[in-house]
Structure formats: C-alpha cells, structure tokens
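Trainee: Here are the chains, one letter per residue:
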Amino acid sequence: MSAAMNQRGGPARPISEPDANLVIRSVSKSFGGITALSECSLEVKAGSITALIGPNGSGKTTLFNCVTGFYRQEGGTVQFGDTLLAGLRPSGVVHLGIARTFQITRIFKKMTVLENMIVPIRQLGLRTLFTAGIKGYERERAEGLLEFFGIAFLRNELAGSLSFGQQKLLELAAALMAEPKLLMLDEPAGGLNPVMIDRLGAYIRDLNAGGMTFLIIEHNMGFVMQLCEPVIVLHRGRVIASGTPAEVRANPAVLDAYLGD
Amino acid sequence: MKIERRLRRGWPWAALALFLVVPFAIPEGFYLDLLMFTFMYAAMSVGWDIMGGYAGYVSLGHVGFFGLGSYAAALLLVHLGMPVFVTAPLVGVMASLLGAGLGFISLRTRGPAFVIVTLTFTYVAQLLTLDLKSVTGGSQGLFLPLLDLPANLIIIPFYYAMLALLVIAILVSIAIRRSKFGLGLIAIREDEGKAEASGVNTSFYKILAFAISVWFAGTAGALHAQYLNYVDPDLAFELIITLNLIIMSLFGGRGIVWGPVLGAFVIYPLSAYLVFLLPSRLAGQLHLVALGVVLVLVVMFMPDGVIRTYQAWRRKGPNDYRPVEPQASMAEAAG
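One line per chain: the protein sequences are P and V, in this order.
Position 88 of the first sequence, counting from 1, maps to 88 under the working numbering, and the rest follow consecutively.
Position 298 of the second sequence, counting from 1, maps to 298 under the working numbering, and the rest follow consecutively.
Errors might be hidden in some of the hints.
Claimed, not checked - Each computed DSS-like pair below joins lysine-lysine, with the alpha-carbon atoms no more than 25 Å apart:
| no. | chain 1 | residue 1 | chain 2 | residue 2 |
| --- | --- | --- | --- | --- |
| 1 | P | K110 | V | K2 |
| 2 | V | K316 | P | K109 |
| 3 | P | K135 | P | K109 |
Derived from the structure by calculation, the hints contain no laboratory data.
Please read these numbers as outputs of a predicted model, since none were measured by experiment.
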C-alpha cells in the first residue's frame, strides 16, 4: 500500500499540507492534590510520528485531554499552527484539524460501521447538517477508508458486533474521516496481536507519507522504537527526555523512570 | 419481495388517504375527536422523540411548551383577534425560541438533572399563568371565542390541522433520521464525549434538537386551546400529557420514526375507551393505572419497544439469514 494508494478518496487525498506544529508550553493540570502535569512543554513537528511514552500515571493521557479540549489546563499554552487552543471545545479542536482516539476504544456500538464513519465529518453550517447522512463524497470517502483498513465488508454490521481489533481499526478509520492534520492515538497497539500491530504500523507509515502528523502514546516499546521519531518521555507530569529512539533508550533518567528510583 | 417492498413504502400514503376521507365517511363526533387527539399526541410524541429518542435526553418539559402555546394562541386571539390557525405555527416558533433558551441552560445537565430542570420549567410556567391574573385570568383561565361554524362541523378544521401537524412531524423526523444531524444526535445518545471528540458540537446539536422538538408541543397547544375554547393552568400544564408522550414513544420504540406514532395509535384510543367505558367516578384513576401497567409491561418485556422487538424477532427467523461476506483481510488478522 502506498501513500497515494486510494483512488476512491482514501486517506491520502484530503489531508492538508503538513504545516502546523503542535507547541505545548508550560501546561499544568492537577486533580485535587494530585499534579498530573507540571509545566509540561513539548513540540510535535508537522509531518513527524512522535511518540509520547512514560510510566503509568505520568500524565500522557491528561496531556492528550488538555490538547483536545476535554480538560482545561491550569497554566501554559497549547498552540496548533497559528491558533491557540485554550478554551476550545473538543469539537472545535477537531475542526482545526486535530483528531484523536481513546485508550479504551470508543465507538458508537449501536450504530452501523458506516454510520460510525459518517458521524465525524466536519459539519459546519445548517445546510450541511440537514443533507443526507450517508451519501456522496462522504460515503465514498468512508468506503475508501474502510477498504484501506480491510473492514469494508462489515459496513452494515452493528459496530458493537465487531471484534476488539476490528473496533480499533474502525475507531482509527473514523478519526480519519475528520480529515485531520494531526492524529493523536492513545495506545493504538494495546490489546492487538503481533500481526495486527505490524499492519497497524504499516498503515500509520502510509498515512504519514501522505502528510499526516502523528502523536502516539504507546507502552509497546518495540512498536514505538520501530515507528516513531522523535520519542518524548514524560514522568510525573514533566518531559524528562526526548530524541531519537536510540538516544532515549540510552538516557539514564528514562531508565530510572521506568525501573524506579 | 417486490410486493412487500411496495406495501412497506405505500402503507403510510394509504393511511393518509384514509384519514383524509374519514370525516366524509364517519362524521360522528366521537370518532373524529378520538382520531384528532390521536394525531395530536402522535405529532407531539414524534416531536418528543427527536430529543428523547434520537439524542437520549428525556424531557418532562414538553407540556410546559404545550401550555405556553395554548396561552400564547389564546392571548393573540382574545387581544389581537388573530385566528389560531394562522398563529399556531408562529406560536410553535415562539416555543422553539424559548426551548432554545431553556436548552442553553438545561442541556448543560444530563440524566436525572435534565429531567428535573425540564420538570421545574413546567411548574414555573404553570405558576406564572396562575399568578399573572391580569393577563391570563389566573385559575379561572381564558375563554376563547367559538369558530364561526355549525356545531357539527367545528371539529373538521382541527381534525385536518392535527393531521397536518402529524404529517409534518413524521416528515421532519424522517429528514432528521436520514441527515448528518440525526446521526450526530444518535451519536450523542450513544456516547456524548466520543461524539464531541468526533467533531460534533454537542451543545449546538442538542439545543437545535430541543427547539425543533418543542415546536410540535407549542403548535399543538395552540390548536388544542382553540378546539376547547378554553384554557386554564390545570388543563394546559397537566403532567400526564408529557407522561403520555413518553409512554407512547417507549411503547412503539424510542429513536424510530414510527415508534411514537404506533404508540400514540395504540395508547390514546385505549385510554380514551377506558375513560368512555368505565363509570365516571373511576375512569380518571383507572385509566392512569392502566397507563402505569402498560409502562411497566413495556419496560419489563419490550424495553426497546414493539417495533424493535418485532424486528429482532423477524431477524431471528429462518428466512432472514444474512451471511457475512468472507474476505481475507486485515480484519481477520484482528481476530
């Protein structure tokens, strides 16, 4: 599969130019007395596949939630391209070109696979809102993406009846329907078998070659080291290391964080 | 199969044609009255279902909009001489604007909190009509002038107006169900956080759905007030009206276009017959008990409503085997 692979409006075609960096500066977030993020700063370069790793509870998902508008950060700024994301609703963040998936797969289980694909379209304006749901360009694009991920034959099945792996793929495919510039994946390889993980990696590479930027939280180090560069390590809400996979692997602070101090 | 498909597509038009000629065939008041109120409840229940069924937000406030619609139309008629058949859709628009305002506040809550906020709205509206005596007549209510028609024909325009309201409700519900907006509402019902993360502006969707939903209640309230030539706070804000809408929707099936319609066409005539057949001192209480029994039975044995239960039963039948196309793909690797 190549980056320009899809003739039917697959993932390569509608992605915007990879011109927007995600810049996070001094972002903090606490829950009661627990500090999840403490003046965390990092940058995701446009066109990269950046990994965000760290031990459990290091603040990775909290950072995702701050960027995507699910949490309000208590300090600092999040900027995507020229736009500050502070105060935006999650849907507003999506419309800017940032889509995400969740640590625990979230799909609309009582809707069909195709309906799941149509929900995330950029819906702006009343006129668009009241046009037929599953029709025209969106339908073609949805079909193209389902083909790309090999689940097109399930288009009319209820999403809840899909296997775990298929649901993961559906979540990823649906996130692509919003035509994001930056896709944030929260543990995409979690719970998948090795064959599936390899193929998922191939899909991500293909999409990246088409211009899409990725920020990936992942515990599967093999997957991260093969696929991602740079790798950013978070510990206790702060960035403790970043660099190429080899640099991060050799960093004593990272070893400390993972093995305990 | 072809015949079945034609039947499936044609029956609503056949039913509509039948209802259009009923007043000529059965001019008897009781049956026309029964049908007219069934249309009214069906239209309001379809409207309620846009919010309660598609978006999954159970509102007890629809009777508030029904009551305010009754009063608004009555006041426009009494003070400005504007006929209800002209003002009813505009009163509906007023209800929608009010609904959007209420939605802006109440739709920040969910579940029981939303139910309580909408119920509170109904009681506040009722208290206002009781207290603003100089405008609303207080507990004595308002009397509306009769239509200038022979007594036996008075029901006819209301019959057709309510039928039109039902047709509009069904068409709007179908249009919503097929649209991106409808998919967004169902997504909100399924997982609101995920819907928001998918780019659905959930607040806007919910407010718009609520505004559309209460238009039917406001418009029906306006027509209802003129039909009875009277409106008072007890009659206009009777909570049983909203409960009826919910039971009808649950009975037929929430979130399905025809679910609330079926519910209304079963529940209202049953209810009316009970009131008609039972001794008058028992009728009021017993038909409420019957409604309660229906609600319990539906929740226990058909929680998805009659239509979905029937569809599920049919799918399990031997004639509806749908093999999943075998395909060597990524999905298989997914297990």
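Trainee: The structure should be examined with respect to each hint, and the outcome stated for every one.
Mentor: Cross-check of the supplied hints:
1. Distance hint between P/K110 and V/K2 is unfulfilled; the C-alpha atoms sit about 29 Å from each other, more than 25 Å.
2. As the CA atoms of V/K316 and P/K109 are separated by approximately 20 Å, the hinted pair is consistent with the 25 Å bound.
3. Note on P/K135 and P/K109: the hinted pairing holds, with a Cα-Cα distance of about 21 Å set against a maximum of 25 Å.
Checked against the numbered hints given earlier, this structure breaks only hint 1.
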